[in-house]
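Peer 1: So the chains spell out like this:
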Amino acid sequence: MHINYKLQDRFDLAIFIPMIVLVIFGLLAIYSSTYNHPTASGNFQKQLIFTVVAVIAFFITFSLPQQIFKSFAIPVFFMSLFFLLAVLVVGKTIYGAKSWFGVGGFGFQPSELAKLGTILMLAYWLTYKSRDINNLLDIGVALAIGFVPIMLIMLEPDMGTSIVFAIITISLIFWSGISLFGLFVVLSPSVVVFASLFGVYAFIAALLLIVAALFFFKRDLFNSVTVFIINLSAGFFFDYAFKILKPHQQKRIASFLDPSADPLGSGYNALQAKVAIGSGGFFGKGFLHGNQTQLRFIPEQWTDFIYCVIGEEFGFLGSVLVITLFLIIFLRLFKLSATAKDKFSVLIIIGVLTLLFSHFAINIGMNLGITPVIGLPLPFLSYGGSSLLINMVMLGIVMNIYRNRKLHT
Amino acid sequence: MDDNYFGSYFRRRIIFVIIIGFFAISITQLFNMQILEQPSYSEKSDENSVKPIYQTAPRGVFFDRNHKVLVGNKPSFTLRITPSTYDKKLTPYIEAILGSSPGYINRILKQNESYSKFIPRRIAKDVSFKVIAWYEENASKLPGVDYIMETQRDYSFGIIGAHMFGYTKEIPMETYLHRKNEYDIGDDIGFGGIEKTYEDYLRGEKGIKYMLVDAKQKTIGRYKNGEEDQATVKGDDLILTIDKDAQSVAEEAFKDKRGAVVAIEPSTGEIIAFLSSPQYDLQDFAKVTTNEVWRELNNNPDKPMFNRASMSTFAPGSTFKMISAIAALEEGIIDTNYKVTCNGGFQFGDRFFKCLHVHGTVNVQTSIEKSCNTFYYNLVNKIGLDTWSKYAKKFGFGSKSRIDIPEEAAGIVPSTDYYNKVYGKNGWTKGFVISLGIGQGELNVTPLQLAQYAALFANSGKSARPHFLKGYTDTRINQYVEVKPQTYDIGISKKSFDIVRRAMYLVVNGAGTATNIRSDELQISGKTGTAQNPHGKEHSLFIGFAPFNNPKIAIAVLVENAGFGSTIAAPIARDVIKAFLIKGDKKENKSLAANTSTQEEQIAH
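In the order they appear, the protein sequences are chains A and B. Going by our numbering, the letters in the first sequence line up with residues 1 to 409, in that order. Going by our numbering, the letters in the second sequence line up with residues 1 to 605, in that order.
For the record, the hints were derived by calculation from the structure and aren't laboratory data. In this text the structure is predicted, and so the values were computed from the model without any measurement. Careful, some of the hints might be misleading.
Just the calculated beta-carbon pair ranges, DEER-fashion [claimed, not checked]:
#	chain 1	residue 1	chain 2	residue 2	range
1	B	Asn138	A	Gly42	32 to 42 Å
2	B	Phe31	A	Leu288	18 to 28 Å
3	B	Lys74	A	Leu317	56 to 66 Å
4	A	His289	B	Thr28	19 to 29 Å
5	A	Lys243	B	Lys537	51 to 61 Å
6	B	Val293	A	Phe236	48 to 58 Å
7	B	Glu47	A	Val90	43 to 53 Å
8	B	Pro92	A	Leu48	24 to 34 Å
9	B	Phe10	A	Asp342	13 to 23 Å
10	B	Met149	A	Ser190	54 to 64 Å
11	A	Ala205	B	Asn420	54 to 64 Å
12	B	Asp87	A	Ser190	41 to 51 Å
Derived SDA-like pairs (lysine to any residue); straight-line CA-CA distance at most 20 Å [stated by the list, open to error]:
#	chain 1	residue 1	chain 2	residue 2
13	B	Lys180	B	Pro52
14	B	Lys537	B	Gly563
15	B	Lys88	A	Ala40
16	A	Lys335	B	Pro52
17	A	Lys70	A	Asn404
18	A	Lys335	B	Gly563
19	B	Lys88	A	Gly42
20	A	Lys341	B	Arg12
21	A	Lys46	A	Ala57
22	A	Lys335	B	Lys537
23	B	Lys141	A	Lys335
24	B	Lys89	A	Ala40
Note that the Cβ used here is the ideal one computed from N, Cα and C, for glycine as well.
Work out the full structure, taking the sequences as your base and the hints as a guide.
Peer 2: In structure tokens:
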């Protein structure tokens with residue numbers, strides 16, 4: 001046990017073990033949903049290779065000197081912006097979105113690298129001593145760091161990933177000690193945008209709420225008017241943006257607002273996913289015995305709907321186990337954010353936590369029918385090499401911070 | 001580090017609550033779904049393993065007025081591909097066995113790209129048994145490929161009738177989105193002609209067979225022994241007004257010609273023959289239609305897809321002279337004593353309008369019999385444009401006849417308002433009106449309108465809306481339902497009609513322009529015409545009806561670019577009339593002969 005203690009001191013098993021178990025669950029579910037499948041039967045072998053590569057990358061990241069990540073921030077961020085631009089020009093179109101580079105039989109998604117780049121860049125920029133996060137200009141720059149990749153990813157278009165970037169950006173600004181008014185400035189446009197989805201009256205009601213809030217904050221006229229104009233234009237900009245959305249994305253939003261409107265489209269997937277999970281019962285139908293999964297009722301189940309394979313074949317026990325493993329990782333990251341010594345490390349951990357949690361919540365919520373169908377993979381389980389690699393590298397960075405937590409800089 | 005500022009208690013609480021809160025919601029939802037509602041989800045999941053197999057109903061068959069089959073059905077195999085599970089590497093093998101050109105399958109799949117990839121696409125219809133045998137042997141190596149038995153249109157009954165029958169085709173996306181409740185993707189739907197108008201009668205009701213499938217999609221048996229299955233209901237059979245013999249003679253006569261034939265039963269408006277030539281092969285549409293076939297048909301200079309019988313419009317030439325005659329007689333402008341001297345034309349202002357011959361003294365009857373232009377140049381001038389126009393419209397020109405196929409043109413009958421609109425108030429002269437008298441100028445009519453016009457002369461102003469449907473058998477109640485003709489009377493005196501009808505009789509049986517088709521047996525009356533054609537040689541026209549005293553058939557024949565009316569168009573009209581009136585049955589021949597003898601007595605009076 002002594003050795004184990006020493007190992008735990010340098011290597012956080014509370015993160016590593018749940019992560020590995022989740023990856024194994026993912027491999028099982030991918031196997032079940034793709035074996036004998038005419039076009040996807042090779043996916044299990046591919047994912048196995050991805051896993052080996054990702055684990056190696058995890059250990060490399062883990063063993064690097066900690067100081068190096070700060071110097072990575074700028075190059076990784078701009079490199080990922082470059083790739084995001086390039087993919088729009090030369091990328092491969094998969095499922096209606098231009099988000100992939102194809103190299104041989106394998107593809108690479110630059111938006112995954114951009115997740116790492118953006119977290120590093122935001123953490124780096126927000127750590128500068130002279131920053132005052134409650135200054136409108138500094139908020140603006142921080143928002144811009146997040147906004148540029150969001151815009152590029154929206155052009156692909158990949159709505160789910162854009163949402164994740166927005167959440168990361170806002171969380172990191174939030175964690176940097178923004179005041180209530182600052183948070184209001186950052187968040188209110190998204191309230192307006194969301195309200196505008198429900199029509200003109202909701203939009204006007206949201207704007208009235210903003211005005212009421214501005215009276216509550218009792219800021220000077222200039223600030224108040226500026227914030228109001230930002231909100232108003234956000235609403236109109238979104239209305240315009242909604243119109244340029246691809247039909248399948250508009251449909252997804254519409255199907256969230258009225259699930260019965262399109263039973264055979266994205267609503268169909270959501271319904272079939274619920275049937276798969278619900279019919280799993282307490283113990284599940286058994287590995288390779290889920291008829292929803294085996295009859296291929298849910299298209300591309302091995303990506304965004306991997307959780308219903310778990311739900312159907314491993315039942316309530318398996319489903320709760322997977323969620324619990326995620327909970328352990330999240331709570332562990334949460335705890336580490338309090339023990340880390342410098343602000344940069346804290347922001348990195350919070351960034352990784354937000355990233356994994358938003359993926360997790362949106363994906364599980366979609367599978368359980370409590371959030372709209374937004375195409376996002378479930379970290380560590382869904383089929384896909386880029387996402388697995390980047391997720392493992394990010395936990396590698398966190399483990400690196402953990403390893404060096406007692407060193408003073 | 002300032003702990004207050006950085007990672008304060010408040011911020012940590014928010015994040016913690018979100019994480020734990022979401023965890024709690026998820027577990028609750030999982031508990032709800034997997035424990036509490038598990039039975040209902042299980043049932044839904046079991047339903048998923050019952051696979052409904054939809055069976056298309058055979059379409060209703062077309063019969064002619066004597067219950068001879070015109071369009072039937074035949075069983076056929078259809079090969080399908082479901083893109084979600086299909087392996088593109090199989091394409092060359094399937095193309096080879098189908099004998100289709102390389103790239104064929106890709107084109108079909110591209111054409112249907114907008115549909116969900118989980119819906120099977122028909123790749124080839126009417127495939128041979130050899131292909132099916134090959135498929136059965138290799139089925140396990142052909143994921144995403146299957147075949148179904150369907151009934152298919154059978155056009156092997158001796159006539160083509162492409163333009164009136166129309167064709168069936170897979171339902172297009174736009175139509176499907178409007179009629180989601182009634183159709184599935186890939187269903188056939190009537191396109192054009194009778195197939196379209198009577199789609200709701202013809203399509204019948206789909207049947208459903210419920211099959212049990214295992215987790216590998218393999219069929220393991222019938223669900224509840226087929227108790228829940230629904231049988232297909234065949235579409236209603238249509239009894240058409242068409243006479244197969246007459247139609248067949250018309251098609252034969254037009255084999256190497258362009259033009260149209262429309263024949264109508266005057267008292268009922270029933271269409272006896274309806275032909276637009278050249279035709280296209282409906283069989284091409286019974287298969288899976290590629291864009292190439294479409295392009296070829298659409299680019300053909302003879303325009304085979306164009307329904308000349310009810311859509312082509314042209315100036316009707318001399319066949320229109322009776323309009324002026326009727327108008328002048330009805331309005332009291334002339335009577336049978338009115339005479340004009342034809343010196344070979346008519347001087348109007350500084351223009352000379354020519355006649356083909358020097359006819360000498362001409363009255364209203366000889367003007368029709370000999371087709372004298374001079375008489376009508378004079379007459380239309382006397383009648384006046386708007387009165388003339390009123391009478392042309394009474395006979396159905398310038399508006400659609402509301403025939404029961406969707407393809408129909410209204411044509412143009414000019415009036416003062418029309419010319420003012422097109423040329424401006426002072427932009428046109430009376431000279432425009434003069435040529436209308438002989439059916440030339442800015443006058444546009446269809447062969448269908450001319451046939452209905454002939455029917456109105458045949459029956460002295462009483463007829464019915466032209467139509468194809470005589471009745472149908474309602475397969476749900478297994479009863480024949482007759483369709484009543486919608487009759488009307490254009491309100492012109494019998495006296496005027498008698499004068500003009502007599503003249504039309506003389507065209508064929510006197511010293512007129514179509515004596516070449518004179519037949520004591522048939523007693524045809526009619527009028528020849530030559531339609532000026534700005535793009536080439538004139539069109540040959542004949543309209544007529546028979547027998548004179550008790551007309552059973554009225555007809556219009558248009559032969560494009562064939563010159564003078566009597567030589568080409570009139571003999572075709574005679575042959576079609578003969579095919580309709582003289583059947584193999586000898587009794588009918590006798591009674592017809594008896595009829596004609598009384599006729600001649602009447603004419604002699």
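Peer 1: Take the hints in turn and mark each one as holding or not.
Peer 2: How the hints compare with the structure:
1. Between Asn138(B) and Gly42(A), the C-beta spacing of about 22 Å breaks the proposed range 32 to 42 Å.
2. In this structure the supplied range 18 to 28 Å holds for Phe31(B) paired with Leu288(A), their Cβ-Cβ distance being about 25 Å.
3. The given range of 56 to 66 Å is respected by Lys74(B) and Leu317(A), whose C-beta atoms sit roughly 57 Å from each other.
4. Restraint check, His289(A) to Thr28(B): a C-beta distance of roughly 26 Å satisfies the suggested window 19 to 29 Å.
5. Distance hint for Lys243(A) and Lys537(B): a CB-CB separation of about 56 Å, consistent with the stated range 51 to 61 Å.
6. Between Val293(B) and Phe236(A) the C-beta distance comes to about 49 Å, which sits within the given range of 48 to 58 Å.
7. Taking 43 to 53 Å as the suggested C-beta distance range, the pair Glu47(B) and Val90(A) conforms, at roughly 46 Å.
8. Distance hint check for Pro92(B) and Leu48(A): the Cβ-Cβ separation is about 32 Å, which falls inside the suggested range of 24 to 34 Å.
9. Under the hint 13 to 23 Å, the C-beta atoms of Phe10(B) and Asp342(A), about 22 Å apart, fit the expected range.
10. Between Met149(B) and Ser190(A) the beta carbons are some 56 Å apart, a value that agrees with the proposed interval 54 to 64 Å.
11. The given range of 54 to 64 Å is respected by Ala205(A) and Asn420(B), whose C-beta atoms sit roughly 58 Å from each other.
12. For the pair Asp87(B) and Ser190(A), the beta carbons lie near 45 Å from each other, so the given range of 41 to 51 Å is met.
13. Of the supplied pair hints, the one linking Lys180(B) and Pro52(B) holds, its CA atoms being roughly 18 Å apart against a limit of 20 Å.
14. In summary, the hint linking Lys537(B) to Gly563(B) is supported, as the alpha carbons are separated by about 6 Å, within the 20 Å threshold.
15. Straight-line distance between C-alpha atoms of Lys88(B) and Ala40(A) comes to about 13 Å, which keeps the hinted pair within the 20 Å bound.
16. For the suggested pair Lys335(A) and Pro52(B), the alpha carbons sit about 54 Å apart, so the restraint of at most 20 Å is broken.
17. A distance of roughly 14 Å separates the Cα atoms of Lys70(A) and Asn404(A); the hinted pair therefore holds under the 20 Å criterion.
18. For the given pair, Lys335(A) sits about 99 Å from Gly563(B) by alpha-carbon distance, which is inconsistent with the 20 Å threshold.
19. Only pairs whose Cα atoms come within 20 Å are accepted, and Lys88(B) paired with Gly42(A) is accepted, the gap being roughly 16 Å.
20. Proposed proximity of Lys341(A) and Arg12(B) is supported: the alpha carbons are some 16 Å apart, at most 20 Å.
21. A hinted pair counts as satisfied when its Cα atoms are at most 20 Å apart, and Lys46(A) with Ala57(A) qualifies at roughly 17 Å.
22. Straight-line distance between C-alpha atoms of Lys335(A) and Lys537(B) comes to about 95 Å, which puts the hinted pair past the 20 Å bound.
23. Proximity of Lys141(B) to Lys335(A) is assessed by CA-CA distance (about 55 Å); at most 20 Å being required, the pair is judged violated.
24. Restraint check for Lys89(B) and Ala40(A): satisfied, since their Cα atoms lie roughly 15 Å apart, inside the 20 Å limit.
In this structure, the earlier hints numbered 1, 16, 18, 22 and 23 are contradicted, and the remaining ones agree with it.
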